[in-house]
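Q: Sequence:
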Amino acid sequence: MKLEKLGYTDWFKSNTDSNKLDAFQIARITTVFKDKYFIHTGQNSISAEISGKLMFTADSPLDYPTVGDWVYIQSFDNNSFAIIDGIVPRKTILKRKSSGRKIDVQLIAANIDCAFIIQSLNEDFNINRLERYLVMVQDENIQAIVLLSKCDLISQADTLNQVNLIQSRFPGMDVIPFSNTNFDGLEQINLKMKSGLTYCLLGSSGVGKTTFLNSLLGVHQFDTQSIREKDGKGKHTTSHRQLVSLENGAMIVDTPGMRELGNLQVNSGFKTIFDDILELSKQCLYSDCSHTSEKGCAVQKAIKTGKLLKDHFDNYTKMHKETLFNEMSYLEKRNRDKAFGKMIKSVKKSRRKP
Numbered sequence: 001m002k003l004e005k006l007g008y009t010d011w012f013k014s015n016t017d018s019n020k021l022d023a024f025q026i027a028r029i030t031t032v033f034k035d036k037y038f039i040h041t042g043q044n045s046i047s048a049e050i051s052g053k054l055m056f057t058a059d060s061p062l063d064y065p066t067v068g069d070w071v072y073i074q075s076f077d078n079n080s081f082a083i084i085d086g087i088v089p090r091k092t093i094l095k096r097k098s099s100g101r102k103i104d105v106q107l108i109a110a111n112i113d114c115a116f117i118i119q120s121l122n123e124d125f126n127i128n129r130l131e132r133y134l135v136m137v138q139d140e141n142i143q144a145i146v147l148l149s150k151c152d153l154i155s156q157a158d159t160l161n162q163v164n165l166i167q168s169r170f171p172g173m174d175v176i177p178f179s180n181t182n183f184d185g186l187e188q189i190n191l192k193m194k195s196g197l198t199y200c201l202l203g204s205s206g207v208g209k210t211t212f213l214n215s216l217l218g219v220h221q222f223d224t225q226s227i228r229e230k231d232g233k234g235k236h237t238t239s240h241r242q243l244v245s246l247e248n249g250a251m252i253v254d255t256p257g258m259r260e261l262g263n264l265q266v267n268s269g270f271k272t273i274f275d276d277i278l279e280l281s282k283q284c285l286y287s288d289c290s291h292t293s294e295k296g297c298a299v300q301k302a303i304k305t306g307k308l309l310k311d312h313f314d315n316y317t318k319m320h321k322e323t324l325f326n327e328m329s330y331l332e333k334r335n336r337d338k339a340f341g342k343m344i345k346s347v348k349k350s351r352r353k354p
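All the letters of the sequence shown, read from the start, carry residue numbers 1 to 354 under my numbering.
In case anyone wonders, no lab produced these hints; they're calculated from the structure.
We treat Cβ as the ideally placed atom computed from N, Cα and C, and that holds for glycine.
One or more of the hints may lead you astray.
[Claimed, not checked] Heads up, simulated BS3-like pairs for lysine-lysine below, C-alpha to C-alpha not over 25 Å straight-line:
| no. | residue 1 | residue 2 |
| --- | --- | --- |
| 1 | K13 | K271 |
| 2 | K53 | K36 |
| 3 | K91 | K20 |
| 4 | K295 | K318 |
| 5 | K34 | K53 |
| 6 | K91 | K194 |
| 7 | K2 | K20 |
| 8 | K282 | K307 |
| 9 | K282 | K295 |
| 10 | K5 | K282 |
| 11 | K321 | K307 |
| 12 | K53 | K13 |
| 13 | K5 | K53 |
| 14 | K282 | K310 |
| 15 | K282 | K321 |
| 16 | K2 | K192 |
| 17 | K53 | K194 |
| 18 | K301 | K282 |
| 19 | K20 | K53 |
| 20 | K321 | K271 |
| 21 | K282 | K271 |
| 22 | K310 | K271 |
| 23 | K91 | K13 |
| 24 | K321 | K304 |
| 25 | K307 | K271 |
[As the list claims (entries may be wrong)] Derived DEER-like restraints, expressed as beta-carbon distance ranges:
| no. | residue 1 | residue 2 | range |
| --- | --- | --- | --- |
| 26 | Q156 | S268 | 34 to 44 Å |
| 27 | K282 | K34 | 42 to 52 Å |
| 28 | K34 | Y286 | 25 to 35 Å |
Required output: the full structure, derived from the provided sequences and hints.
A: Structure follows, in C-alpha cells:
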C-alpha cells in the first residue's frame, strides 16, 4: 500500500519538510492507546512511541500526535517498532474540552475530510447536542453529514419529521436515516464516501457507530454492546480512536462515545452555526444588547415573530457562556503551565553549570 492510498495527498506533500526526509520516514497514525501508538508506513503497521525530544518540547495536548496525523518516524528492529520525532502540519484537527472539571484540550482526530455525526432516532436524539458537534466540525471547515441511526425503530413519517427538524434548523444540511438492522440507507452513505478521503464517526455511546463501521466493513470486526432498555442509552464499547481502511479506498476513524461535549477554541465554528443570531444582533438598538429584555432587541423580536427558534437561541446563549468560561480558564492554565515550564528548564540549566 502506498502512502497516497492512506490519504497522503499533494497538500501534505507540500507541507512536509523535505530536509527531514533523509533521516526520517513518513507514516500515518492509525491507533492511539494513551501514550502508545500504531502507525502505517504504507508497507506495514507497527507500534510506535514519541521521542523524548517531542515530549519535552510539547507545550499542550495540541503538540502531541493523534489518530489521523502524518508523522516523521525512525524505525528500528527490522521495521517492527518506530520512534515518532515530529508531526507534519495538520490540514484539520477535531478537538474538544477535556471531560470533567479539567480545562484542557482533548484531541479527537486529525486530517479529517468529512465527519459523520450520528444521532439515534430513539430517546437519545438531541438536536442541541447535534448543534454542539456541528460547531466543533465547522470550526475546521470539515464537511458534516448527519446520520440518523435506528430508523427501523420508528415510522417513516416520524423519521421524515426528524429530518425536517434538522434541515429547518440547519438549512442545506445533508441528513441520511439508516438502519444497521435492515441496512436501509447504507448504500446511500457508501456513495458519499470517496477513495483517498478520511471520514470520522462522532456521536454518543449507543447510537450505533461501531455497528455501522462493521456494516461498512462487511464483517463483525469490532465489538459492540446493546443499549440499556430503561433509558435507551448506550455503554462505551470503543475505548480508543482507530483509523481503518475500507474496500472503496476511503478511510474512517471510529471514536469513543462522547456524553459530554464542551467546546474550546471554536470561534470560527461558533460564528458559522450561529451566524443568523450574530447577524440579527447587529440590528439591535444597543450595541451591547444582552438579548434579554432591552427595547429594540432584534433577536427577541425575531423569536416572537417565529423567524428565530427559541431553542436555537437558548442553546446559543448556553454555549456562548460556556465557551467564554472555558477560553478564560484555558488561557489561565496555559500561562501557569508556561511559567512552570520555564522554571523547570531554568533549574535544569543551572544544575548543568559547573
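Q: Take the hints in turn and mark each one as holding or not.
A: Comparing the hints with the structure gives:
The suggested pairing of K13 with K271 is violated, with an alpha-carbon distance near 31 Å, which exceeds 25 Å. About 16 Å separates the Cα atoms of K53 and K36, which keeps this hinted pair within 25 Å; it holds. Our distance criterion of 25 Å between C-alpha atoms is met by K91 and K20, whose separation comes to about 19 Å. For the hint pairing K295 with K318, the CA-to-CA distance comes to about 22 Å; that is within 25 Å, so the pair holds.
Restraint check: the Cα-Cα separation between K34 and K53 comes to about 18 Å, which is no more than 25 Å; the hinted pair holds. Taken as a hint, the K91 and K194 pair is honoured in the structure, with Cα atoms around 18 Å apart against an allowance of 25 Å. Among the hinted pairs, K2 with K20 is consistent with the structure: their alpha-carbon atoms are about 19 Å apart, no more than 25 Å. Using a Cα cut-off of 25 Å, the hinted pair K282 and K307 holds, with the two alpha carbons roughly 16 Å apart.
Note on K282 and K295: the hinted pairing holds, with a Cα-Cα distance of about 14 Å set against a maximum of 25 Å. In summary, the hint linking K5 to K282 is not supported, as the alpha carbons are separated by about 47 Å, beyond the 25 Å threshold. Using a Cα cut-off of 25 Å, the hinted pair K321 and K307 holds, with the two alpha carbons roughly 23 Å apart. For the given pair, K53 sits about 24 Å from K13 by alpha-carbon distance, which is consistent with the 25 Å threshold.
With a C-alpha separation of about 30 Å, the suggested pair K5 and K53 falls outside the 25 Å cut-off, and the hint is violated. Distance restraint check for K282 and K310: the Cα-Cα separation of roughly 18 Å lies within the 25 Å cut-off, and the hinted pair is therefore satisfied. For the given pair, K282 sits about 19 Å from K321 by alpha-carbon distance, which is consistent with the 25 Å threshold. Taking the CA atoms of K2 and K192, the gap is about 23 Å. The hint holds against a cut of 25 Å.
For the proposed pair K53 and K194, the alpha carbon gap of about 37 Å is over 25 Å, so the pair is violated. With a C-alpha separation of about 13 Å, the suggested pairing of K301 with K282 holds against the 25 Å cut-off. Simply put, K20 and K53 have alpha-carbon atoms about 15 Å apart, close enough for the 25 Å limit, and the pair holds. Only pairs whose Cα atoms come within 25 Å are accepted, and K321 paired with K271 is accepted, the gap being roughly 14 Å.
A threshold of 25 Å between alpha carbons decides the hint, and for K282 with K271 the separation of about 13 Å falls inside it, so the pair holds. In summary, the hint linking K310 to K271 is supported, as the alpha carbons are separated by about 18 Å, within the 25 Å threshold. A C-alpha spacing of about 12 Å is found between K91 and K13, which places the hinted pair at or below 25 Å, so the restraint holds. At roughly 23 Å between alpha-carbon atoms, K321 and K304 fall within 25 Å of each other, so this suggested pair holds.
Between K307 and K271, the direct Cα distance comes to roughly 19 Å. Compliance with the 25 Å bound is thereby established for this hinted pair. Under the hint 34 to 44 Å, the C-beta atoms of Q156 and S268, about 37 Å apart, fit the expected range. For K282 and K34, the hinted distance range of 42 to 52 Å is satisfied, since their beta carbons lie about 46 Å from each other. As the Cβ distance of K34 to Y286 is approximately 50 Å, the hint placing it in 25 to 35 Å is violated.
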